[in-house]
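Participant: Chain by chain, the residues:
There are 2 protein chains.
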Amino acid sequence: MSSIPNTAIRPRVVIVGCGFGGLEAARALRGSAIDVTVVDKTNHHLFQPLLYQVATAGLSAPAIAAPVRHLFRKQPNVTTLLGEVERIDVAERQVLLQGGDALPYDHLIVAAGATHSYFGRDDWAAFAPGLKTLDDAFEIRRRILLAFEAAERENDPARRAAWLNFVVVGGGPTGVEMAGTLAEIARHTLPGEFRHIDPASAKIILLEGGTRVLQAMPEALSQRAKEQLEKLGVEVRVDARVTAIDATGLTVAGPAPGGDPAATSYTIPSQCIVWGAGVAASPLGRLLAEATGSTTDRAGRLVVEPDLSIPGHPEISVVGDLAAAKSHVPGQEPTPVPGVSPGAKQMGRAAAANVLRRLAGQPSQPFRYRDYGNLATIGRNAAVVDLASPMGPVRFSGYFAWLFWLFAHVYFLIGFRNRLVVLMDWGWAYWSFARYARVVTGIEGAKKQLQE
Amino acid sequence: MSSIPNTAIRPRVVIVGCGFGGLEAARALRGSAIDVTVVDKTNHHLFQPLLYQVATAGLSAPAIAAPVRHLFRKQPNVTTLLGEVERIDVAERQVLLQGGDALPYDHLIVAAGATHSYFGRDDWAAFAPGLKTLDDAFEIRRRILLAFEAAERENDPARRAAWLNFVVVGGGPTGVEMAGTLAEIARHTLPGEFRHIDPASAKIILLEGGTRVLQAMPEALSQRAKEQLEKLGVEVRVDARVTAIDATGLTVAGPAPGGDPAATSYTIPSQCIVWGAGVAASPLGRLLAEATGSTTDRAGRLVVEPDLSIPGHPEISVVGDLAAAKSHVPGQEPTPVPGVSPGAKQMGRAAAANVLRRLAGQPSQPFRYRDYGNLATIGRNAAVVDLASPMGPVRFSGYFAWLFWLFAHVYFLIGFRNRLVVLMDWGWAYWSFARYARVVTGIEGAKKQLQE
Numbered sequence: 005m006s007s008i009p010n011t012a013i014r015p016r017v018v019i020v021g022c023g024f025g026g027l028e029a030a031r032a033l034r035g036s037a038i039d040v041t042v043v044d045k046t047n048h049h050l051f052q053p054l055l056y057q058v059a060t061a062g063l064s065a066p067a068i069a070a071p072v073r074h075l076f077r078k079q080p081n082v083t084t085l086l087g088e089v090e091r092i093d094v095a096e097r098q099v100l101l102q103g104g105d106a107l108p109y110d111h112l113i114v115a116a117g118a119t120h121s122y123f124g125r126d127d128w129a130a131f132a133p134g135l136k137t138l139d140d141a142f143e144i145r146r147r148i149l150l151a152f153e154a155a156e157r158e159n160d161p162a163r164r165a166a167w168l169n170f171v172v173v174g175g176g177p178t179g180v181e182m183a184g185t186l187a188e189i190a191r192h193t194l195p196g197e198f199r200h201i202d203p204a205s206a207k208i209i210l211l212e213g214g215t216r217v218l219q220a221m222p223e224a225l226s227q228r229a230k231e232q233l234e235k236l237g238v239e240v241r242v243d244a245r246v247t248a249i250d251a252t253g254l255t256v257a258g259p260a261p262g263g264d265p266a267a268t269s270y271t272i273p274s275q276c277i278v279w280g281a282g283v284a285a286s287p288l289g290r291l292l293a294e295a296t297g298s299t300t301d302r303a304g305r306l307v308v309e310p311d312l313s314i315p316g317h318p319e320i321s322v323v324g325d326l327a328a329a330k331s332h333v334p335g336q337e338p339t340p341v342p343g344v345s346p347g348a349k350q351m352g353r354a355a356a357a358n359v360l361r362r363l364a365g366q367p368s369q370p371f372r373y374r375d376y377g378n379l380a381t382i383g384r385n386a387a388v389v390d391l392a393s394p395m396g397p398v399r400f401s402g403y404f405a406w407l408f409w410l411f412a413h414v415y416f417l418i419g420f421r422n423r424l425v426v427l428m429d430w431g432w433a434y435w436s437f438a439r440y441a442r443v444v445t446g447i448e449g450a451k452k453q454l455q456e
Numbered sequence: 005m006s007s008i009p010n011t012a013i014r015p016r017v018v019i020v021g022c023g024f025g026g027l028e029a030a031r032a033l034r035g036s037a038i039d040v041t042v043v044d045k046t047n048h049h050l051f052q053p054l055l056y057q058v059a060t061a062g063l064s065a066p067a068i069a070a071p072v073r074h075l076f077r078k079q080p081n082v083t084t085l086l087g088e089v090e091r092i093d094v095a096e097r098q099v100l101l102q103g104g105d106a107l108p109y110d111h112l113i114v115a116a117g118a119t120h121s122y123f124g125r126d127d128w129a130a131f132a133p134g135l136k137t138l139d140d141a142f143e144i145r146r147r148i149l150l151a152f153e154a155a156e157r158e159n160d161p162a163r164r165a166a167w168l169n170f171v172v173v174g175g176g177p178t179g180v181e182m183a184g185t186l187a188e189i190a191r192h193t194l195p196g197e198f199r200h201i202d203p204a205s206a207k208i209i210l211l212e213g214g215t216r217v218l219q220a221m222p223e224a225l226s227q228r229a230k231e232q233l234e235k236l237g238v239e240v241r242v243d244a245r246v247t248a249i250d251a252t253g254l255t256v257a258g259p260a261p262g263g264d265p266a267a268t269s270y271t272i273p274s275q276c277i278v279w280g281a282g283v284a285a286s287p288l289g290r291l292l293a294e295a296t297g298s299t300t301d302r303a304g305r306l307v308v309e310p311d312l313s314i315p316g317h318p319e320i321s322v323v324g325d326l327a328a329a330k331s332h333v334p335g336q337e338p339t340p341v342p343g344v345s346p347g348a349k350q351m352g353r354a355a356a357a358n359v360l361r362r363l364a365g366q367p368s369q370p371f372r373y374r375d376y377g378n379l380a381t382i383g384r385n386a387a388v389v390d391l392a393s394p395m396g397p398v399r400f401s402g403y404f405a406w407l408f409w410l411f412a413h414v415y416f417l418i419g420f421r422n423r424l425v426v427l428m429d430w431g432w433a434y435w436s437f438a439r440y441a442r443v444v445t446g447i448e449g450a451k452k453q454l455q456e
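Top to bottom, those sequences are chains F and P. With my numbering as the guide, the letters of the first sequence map in order to residues 5 to 456. With my numbering as the guide, the letters of the second sequence map in order to residues 5 to 456.
A hint or two may mislead.
Identical copies go unnamed one by one, so any copy, or any two together, can satisfy a pair.
Distance condition first, Cα-Cα at most 25 Å in a straight line; then the derived SDA-like pairs of lysine to any residue [what the hints assert, rightly or not]:
{"no.": "1", "residue 1": "K78", "residue 2": "R191"}
{"no.": "2", "residue 1": "K78", "residue 2": "R16"}
{"no.": "3", "residue 1": "K207", "residue 2": "L107"}
{"no.": "4", "residue 1": "K45", "residue 2": "E143"}
{"no.": "5", "residue 1": "K136", "residue 2": "G446"}
{"no.": "6", "residue 1": "K45", "residue 2": "A130"}
{"no.": "7", "residue 1": "K330", "residue 2": "P108"}
{"no.": "8", "residue 1": "K45", "residue 2": "R245"}
{"no.": "9", "residue 1": "K45", "residue 2": "R163"}
{"no.": "10", "residue 1": "K235", "residue 2": "H192"}
{"no.": "11", "residue 1": "K207", "residue 2": "R399"}
If you're looking for bench data, these hints aren't it; they were derived computationally from the structure.
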C-alpha cells in the first residue's frame with residue numbers, strides 16, 4: 005500500500021453503503037494514503053444473516069448491529085457520514101446527498117445492496133412485509149406477537165383461526181428460517197402463557213413458487229430441509245404461486261391441498277404474512293445506469309466489467325447485491341457470483357485492491373469468487389450445510405449442521421461484544437425455550453390491527 | 005388466602021396496567037381462588053428506573069422489558085390481555101376495551117400510571133419529548149445520536165454549535181441522570197469517532213425551575229448532585245424557567261448567565277431537548293373520577309380512601325402514580341406517598357390484600373408506606389443515596405453511592421435473565437466506555453431533521 009504516490013492532495017474514495025461489501029472495501033483501504041468517506045443511510049452495519057432472529061424476538065437489535073463510525077474509530081483515514089444518496093454526478097465525479105452535501109471522489113465504490121421486490125405488485129408490501137432492515141424486523145416481530153395477542157382476545161372461531169395462520173412466501177433461506185422459527189415460537193416458546201388459545205395450534209405455512217425450497221442447494225439437501233421443516237411443524241407447499249395478497253389473507257393458484265382438484269385457486273386467511281420471495285437491487289442501480297449509460301439485469305443489478313467497474317468508468321466499482329458480477333477463473337467460463345455475504349465481502353476487498361492498483365498506475369485485476377459452500381438454518385437443531393472442499397462437496401444436515409451454522413455465524417459477527425451477547429442469548433434460549441426480545445414497540449400504529 | 009369462600013363462580017379481579025403497582029397486585033393474588041385479568045396497552049412490563057439507559061444507548065430495550073404474559077406463565081389464575089381501556093362502566097362493573105371487549109369485575113384495581121405533563125403547553129411535546137415508554141426512549145436515542153451525525157455534516161459553525169447543544173428540562177431524577185449520561189456520551193463514548201467535530205465540545209445544559217436539583221432529596225445531597233454533574237461536564241442552571249420551546253430551541257426567563265443583567269429572557273438554540281419536568285396521571289384518572297364522582301388533585305391523580313379505594317366504591321382500588329394516596333401510621337398525621345416505584349409496589353400489594361379481605365368479608369386496612377430511602381444516579385461513578393434506618397438517615401454520595409445504586413437496581417430488575425444481561429452490558433460499558441445499543445431505527449421519519 006506504500007506504492008501510492010505521496011501527492012500533496014490525497015486521493016478521495018467514496019463508498020456508498022456499509023453492508024458487507026462497503027465495510028470490507030473501507031477496511032481494505034486501511035493504512036493507505038487515501039481519504040475514504042463511507043456514506044450509509046443508517047447509522048449501523050447490520051449482520052443481516054441473523055436479522056430473522058430479531059424479527060422472531062430471539063435477539064435484540066443492538067446484538068446484530070454495530071455503529072458504522074464505531075467500527076472505523078481506529079481507522080483515521082475513514083470519515084463516516086449518515087446520509088442518503090440523491091444523485092451521482094458522473095461527469096463532475098461527485099456524490100450528491102439529500103440535504104445538499106456534495107462528496108467529490110477520485111474513485112467511487114457503490115455497495116448499496118438490495119431491497120424487496122414484489123414483482124410489480126408493490127401494493128402487497130403493506131400486507132406482507134419483507135426482511136431487509138431493522139425496521140422491517142421490528143414490523144414483522146410486531147405482527148407475529150400481536151397476532152397471538154389478537155387471537156387471545158378474539159371470540160369468533162373463524163377469525164381466531166385466521167389470526168393463528170402464519171404464512172411465509174418464498175422458500176429461500178429467509179423464508180425457510182422464518183418458517184422454522186415461527187414454528188418454534190408457536191410450539192415451544194408461547195405454550196402455557198395463553199388462557200383462551202393454544203399457541204401450538206397455530207398453522208405455519210411456507211409457500212414456494214418453484215419445485216423445492218432452498219433452490220441454491222443440491223436437491224438432496226432441499227429434500228432434507230423440507231423434512232426438517234415438517235418435523236418442526238411447518239406445512240411446506242411447493243409449486244404454490246401467490247396471485248393476490250390483501251388485508252384478509254392471500255390467494256394461491258391451483259387447487260388447495262386436499263381440496264376440490266378442479267379449483268383454479270384457493271385463499272388462506274391470514275393477518276401475518278412474511279415476504280421472502282423477491283429481491284431487487286437498490287434504486288441507486290438504475291440511477292447509476294442512467295448516469296453512465298450502462299445496463300442492468302432483470303433484478304436491477306448493474307452489469308459490471310470483470311474488475312467490477314462500470315463499462316467506460318474505471319473510476320466506479322460496484323460490489324455486493326447491486327452488482328451482476330461474474331467470477332473469473334483463468335481457463336474457465338465466467339460464472340455468476342451468488343448474492344450471499346461472502347460474495348459481497350470478497351467483492352468489497354477486490355474493488356479496494358483495484359482502487360489501490362489504479363492509483364498506483366497498475367492494471368486492475370478480474371474478480372474471482374472463492375466459494376466455501378452454503379449454509380442454511382431451519383430451526384432448533386436443524387440446518388443444512390454444503391461445503392466446498394478440494395476432495396469434493398461435503399454435505400450434511402440436522403443437529404451437527406445446525407451447530408456448524410451457529411458457530412460459523414457467531415464467528416463472523418462483527419465485534420467481540422456482539423458475539424458474546426449473541427452466544428449468551430442463544431444459550432439461554434436453547435435451554436429455556438424462551439425468547440429474549442419479545443418486546444413490541446410502536447404499538448400505537450399497530451393498534452388498528454387489533455381493533456379490526 | 006384459603007379463607008375465600010369456595011363459590012361455584014370465582015370472584016373476578018381486573019387489573020388495569022402492568023407497571024410496578026399492577027404487577028405486584030397480580031402477584032399478590034397468586035394461589036387465590038380468584039380469576040385475575042391483567043390488561044396493559046403494551047405487551048411488556050417496563051423497568052422504568054433504567055429507561056434512561058435505553059434512551060442513552062447503554063441498554064437494549066429487551067434488557068429492561070419483560071413480556072407481561074411470560075411473567076404470569078406460572079400463575080394460572082391470571083389472564084393477560086393486550087388492550088387499551090376505553091371506559092369503565094362503574095354501574096355495570098365492567099371495563100370496556102377499545103375494540104369492543106367488556107371485562108366484568110367484582111373488584112377493579114387501576115394502576116394505569118402517569119404520563120408527561122407540559123403544563124398546558126402540549127405543543128412543546130414535539131420538540132422536547134419526555135421519557136415514559138420504550139417508544140419515548142427510542143425517540144430520544146434517535147435525537148441524541150442524529151444530532152451528533154448532523155453536526156458532523158454541518159458546515160455552518162452556528163448551526164453546528166446548535167446541533168451540539170443538548171438541553172434537559174427538569175432537575176428531578178430523570179433530568180439528572182439524562183444530563184449526566186449525555187455528558188458521558190459526549191466526553192467518553194464518542195470522541196475519536198468523528199472527523200469534523202469534537203463531540204466533547206457538546207454543551208449539556210440542565211435547566212431546573214426551582215432552586216435546586218433533586219428536590220426530594222435533602223439539601224446537602226442536592227448540592228453534591230450539582231457538583232457531581234458539573235464535574236461530569238453538565239452546566240446546571242437553577243431558577244431557570246422555560247417560557248417557550250420550538251423547532252429552533254428554547255427560551256428561558258431572566259438574564260442569561262454572564263449576559264446582560266437587564267435582559268428579561270434569553271434563548272438556547274438546540275435540536276435535542278429532553279423533557280423531564282412534569283408528570284401527570286394517566287387520562288384514565290379523569291375518566292374514573294367522572295364515572296365515580298370522585299376528585300383528582302392538580303396532577304390528575306385520584307384522591308383515594310386510606311385503604312386505596314375510591315370514596316363510595318370499595319370495589320375499586322387505585323394504586324401507583326395514578327393515586328393521590330397517603331401513608332397511615334397509627335398516631336401520626338397521614339403523609340403523602342412519593343411517586344416512586346417502591347410506593348407503587350407497596351400499594352399494589354396492599355390493594356391486593358384488601359381485595360382478599362373484602363372477599364372474605366373482613367374490613368380493609370389503611371395503607372402504610374415503608375420508606376427505605378431514596379437513590380438517584382448522576383452518571384459514571386456518581387450518585388446520591390439517602391437511606392432510612394432505625395438510627396436515622398444514612399447519606400452518602402460519589403463512587404460508593406453509585407455502586408450501591410447499581411446493585412440495588414440490578415437486584416430489583418424483573419427476571420434473572422435480564423439481570424445478567426444488564427450486568428454484562430454495564431460491565432462492558434464501564435471498562436470500554438462504549439455504549440452497546442447505539443442503533444438508530446425509524447430513521448425515515450427522522451430524515452427531515454437531518455435535512456433541515
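Participant: All the hints need checking, so say for each whether the structure fits it.
Facilitator: How the hints compare with the structure:
Taking the shortest Cα distances, K78 and R191 sit within 25 Å of each other only across copies (17 Å), while inside one copy they are farther apart (46 Å). Proximity of K78 and R16 under a CA criterion of 25 Å is satisfied intra-copy only: 19 Å inside one chain copy versus 61 Å between copies. In this assembly of identical chains, K207 and L107 lie within 25 Å of each other by CA distance neither inside one copy nor across copies; the values are 51 Å within and 29 Å between. Taking the shortest Cα distances, K45 and E143 sit within 25 Å of each other both inside one copy (19 Å) and across copies (17 Å).
When the C-alpha separation of K136 and G446 is checked against a cutoff of 25 Å, the pair qualifies both within a copy, at 18 Å, and between copies, at 14 Å. Proximity of K45 to A130 under the C-alpha cut-off of 25 Å is found in both arrangements, the shortest distances being 22 Å within a copy and 24 Å between copies. Taking the shortest alpha-carbon separations for K330 and P108, neither the intra-copy value of 29 Å nor the inter-copy value of 67 Å comes in at or below 25 Å. Taking identical chains as interchangeable, the C-alpha atoms of K45 and R245 are never at most 25 Å apart, the minima being 34 Å within one chain and 38 Å between chains.
For the identical chains of this complex, K45 and R163 are inter-copy neighbours only, at 22 Å across copies versus 40 Å inside a copy, given an alpha-carbon limit of 25 Å. Taking CA atoms no more than 25 Å apart as the test, K235 paired with H192 passes inside one copy only; the shortest distance there is 13 Å, against 51 Å between copies. Proximity of K207 to R399 under the C-alpha cut-off of 25 Å is found in neither arrangement, the shortest distances being 30 Å within a copy and 58 Å between copies.
Of the numbered hints listed earlier, those contradicted by the structure are 3, 7, 8, 11.
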